[in-house]
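> One letter stands for each residue in the lines below.
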Amino acid sequence: MSDIDRMDMTRMNVAYTGEGGPLFNLSIKTSLLTIVTLGIYRFWARTRLRRFYWSAIRPGGDPFEYTGTGIEKFLGFLIAVAFLAVYLGLFNSALIFFGLVAWPFGDGETGFDDFTLNLMLNLSFLAVLPMIFYAQYRGRRYMLSRTRWRGIRFGAEKAAWGYVWRAVGHLLLTIVTLGILLPRQAWHLEKYMYDRTWYGDGLFEMGGRWQDLWPAMKHLGIAAAILLGSGLLLATGLGVGIVFGVIGIFVAYGWFFVGFIHFNVKSFEIMTKQKRLNGEVLFVSEPKTGKVVGQTLLGSFIASTLASVVLAVIAAILAVFARLTGLMDQIDFADPESFEFLATAAGIAAAIAMYVLFFALFVAFGQVFITQPILEHYTSQTQVINPHALETIQQRAQDDFAEAEGFADALDVGAAI
Amino acid sequence: MTRPLYFDGQTAGSRVVNVEWDHEALIITDIDQQIRWTWDEVREMRDQADDQEVVFNRSDDSEARLIIFDAEAIEVIRSKTPNRHRIVVPKGTARRLMIWTTAAIGSVLLIVFVIIPSLANVLTAIVPVEREVAMGNASMRQVERTLLRGVGEGFCVGEGGTQALDKMAARLTEEFDSPYEYRIRVFDSEVANAFAIPGGHIVFFDGLIQDAESPEMIAGVLAHEIGHVENRDSLRLLLRTAGSAGILSMLVGDFAGGALVLVVTEQLVNASHSQRVETNADIFATDRLAEAGLPSTPFGDFFDVMAEKSGIGDGVGAELLSYISTHPDLPGRADDARAANTVIGDYVPSLNEEEWAALRNICDDVDVKEDKDEDEAAKKIE
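Same order as they appear, the protein sequences are chains A and B.
Its first residue numbered 1, the first sequence is counted upward by one per residue in our numbering.
Its first residue numbered 418, the second sequence is counted upward by one per residue in our numbering.
Keep in mind that the hints were calculated from the coordinates and are not lab data.
Bear in mind that the values here come from a model prediction, so they are computed numbers and not experimental data.
Residues from chain A shown here face chain B by an in silico Cβ test under 10 Å; the list is partial:
#	residue
1	Pro63
2	Leu88
3	Phe105
4	Leu117
5	Asn118
6	Val128
7	Gly200
8	Ala402
Below 20 Å or equal to it, Euclidean Cα-Cα: the simulated SDA-like pairs (lysine to any residue) are:
#	chain 1	residue 1	chain 2	residue 2
9	A	Lys29	B	Asp468
10	B	Lys508	A	Thr67
11	A	Lys273	A	Trp214
12	A	Lys291	A	Gln383
13	A	Lys266	A	Leu297
14	A	Lys191	A	Val384
15	B	Lys584	B	Phe572
16	A	Lys29	B	Asp467
17	B	Lys508	A	Ile71
18	A	Lys29	B	Met462
19	A	Lys29	B	Arg463
20	A	Lys273	A	Ala389
21	B	Lys508	A	Asp400
Note that the Cβ used here is the ideal one computed from N, Cα and C, for glycine as well.
Just chain B, with the same shape it has in the complex:
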């Protein structure tokens, strides 16, 4: 039988000792001394790898250790020490825990929801236009390379189509002085979408143009994208996301499901912001349409066309979606756009019959090669 080992917490030497007990205490007998640990101060180490032995210590900070190997002795000592697993938390821990929980949550909320957004607003406003254009050009090329078909590839150049879009943009921006030079292009894809990149790049997917029933529908979308560029929305979003990089992921750690919690949280944080951004771009669009003497009713109707196509209806699903979606709900946008209409009766269309036909056929010259993967990729773009 291996005899108990005692470490006095003063030196690293081990001593073989005798262990006895009475009704009050555990008695450790060494060659030259006798140590008493009263039962209520004996503690047992938990989660130990070896169950053939037990390490006991004293509730003070003396660091003295007693290792018992004899199963019977362990049994007896355990029966006399109901406190052996009690953890004494340092005084004031609860108060410190409360203070620091508040500080941690407060600091994250303040930074993510107040400081970074205001900082992003301030900094966005002072980035020089030529720097924004340089960054935008680099981003546009990257998008073309990685998400589309390569730089300058896959864009439609059908006769008169580009001129039609330029004419539309000129009419929409006539009334105000834009610092940007717009480059509007149509990408050969069946996906119904359009996006803007800082500095004046706007790309329509041909699918969107094919879904439109009149030039005014396209004019509304174009004005909306111009709104994103003029409001520097992408730049602001970049500053916001880069600013909060690593802050939310700090909270979840590497536990199972942490990534999931993170994705949902970030989506919730971003959704309300980008819904506001989209609404602002819609308002910008209806303002420009009004200035240009164009009705915004077709713009509103176009949202209904999109809604019908995407199959999103009312109900519980749509309700839930509104919390996580980056865009406001389509029926609401449609109503708002129609309500903003100022043109009643006749108006000069943004494109004449010929120009509209040219825009509709802008992709006809290109060999239409259907590539599912690219269309999938294109869907991911805003």
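Next up, chain A with everything else stripped away, as it sits in the complex:
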């Protein structure tokens, strides 16, 4: 901490100090409050979880800090809703009308028919798409402006619309090239954001070139090859070919799942190395795909199992309680109509309560067994090179903006945590 080695190119580790117990308590408490308030508390819940996570990540032992507030997030959400309701209503209506009068419907001969019809019915997605990218950039800017490390603010420049048209363009290019230019999209968008990201008065920059991301595509490429091979096997029409073709499609499906995670993990590693702060502070991060995939699968299994077990125990306790207190005797079994109505109402209420409780438990256990371990893995694999150059970084002005990350909250495209 204080006795940082003054030599050049020293490395500073990033510690992670969050533990399961406190995180579970915080998560279940805020989830239940969210349910009780019919969702309104979710802005405060998200804020409190961020405070926890931020404070657990400690480059050189000093914790990050999240200074956002629930009230500003809620206010931002209201502003976004007021605007988006009008925007979406008008654009959706215009797009569907355009579809009705000008869309080329199929001739009924092929599956193209259904495809064009469904595409027309979902044209309204075009209205949301630019707003999603806008929300993502603004949400990130908000989060950075509410993040501190050693009391110094992070920040991002006001450049959301530049991000929107670039993101839409890159996305179209990636779709047209069947995903082959995914690394180009990922790299350019990351660079756009980082070249406009600040820590105090220090500016981040990203070097390198997008082709550096090709290695991250390895497993997606293998998955595509398996899919193609399976398709060819199926096309032969031979019994053996069909058997292997079907097996191949399942394998390809699983491989795509791993391939996407690998792309995220590996491109994070590659692009982290390309970043610099103030031209002199470098970063390195080497998370492992195997660990992330394993933790996702294992964590999901543990979280759903634990949530089910807890729910079953609660249900059993309630049943015993109902029996002991003679609650069951209150129902007049002789009057079928009252009994039927009561049973139906109680049944529906119990089912809703159980569903909601399961969801809350699953979310809380998910934080403990999926989100936190993966975050901890990323953190522990990260180092800051030449950290003493950070000490001369000066404070930057506060970036106040009214709508916070309201657009991201309204469109539900916020960050994972």
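Position chain B against the provided structure of chain A, taking the given hints into account.
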């Protein structure tokens, strides 16, 4: 013992400091300076991951931070700072909250209940018929492919049956100039239902025809479905739902139970609209029956047959159902249809004995293969 760390909020360097206090303030001593934080302005960071240390800051915007690791010192500082968790909300927040809550709710209500419905009405009226027919044809094929047994599959072609339906439709539409060419078919299923698709597709399920006791019952249903086509109800509904896509889901977010709230809300929004649409189609039907010189009493009686079959009676359940159902209650529709009757005494039936028999037997030529799944799927269709 780790000594306290101080960040001055100006540079990113950390300093090891001494912390003392008197009865008025916390005193932070650095090599070259002494900083006093009075007790009422000391704040503590909440929801921190590490409980071995506490981060304190000052209530102003200076961003200075003090991290204390010593448990005893933390204890003392906490005992002297009753305000440490106080959140100072920026001035005017309550007013802004009120303004924007009103704006958000007002904007959603205005859009969902006023602007989109009126826009849908206006736009529905100006879609050209040939475009509507093209869209309807594509939709019909999709319904056949995904909900029925495949394009052109499972429809009954028993001798004289289709002609009987066409004759009925001709009589019902005789008095007005329809821009649509009707294609009326019977689908081989025991489900009692019928539906219309934009552009003139009308499909009866055989179960409905078997439940009818006279051709006039079917004529009423046919007139009702023609009403949906002529009023462009499906088209209007499409414009309404597509127009409000994503607006309601925006409000609930991803919290537990959000999906549930959404389903119920959408059902409530749609129910009153589609009940009105059904009532209008009923009125259209009784008007056409009257024009064609046919009684609407059998049409009304048919609703009673349906009600008896579905087992929906009166009572609390039925009352609740009326708020969420897309269709008005059957007994009410039955009474309205009977009240609209204009034909008393003799009339020329819409089908003669022979034609009626042909319609009743329209599905007899087909091998009746009972398939529960398909019948389930068919039930989901309007």
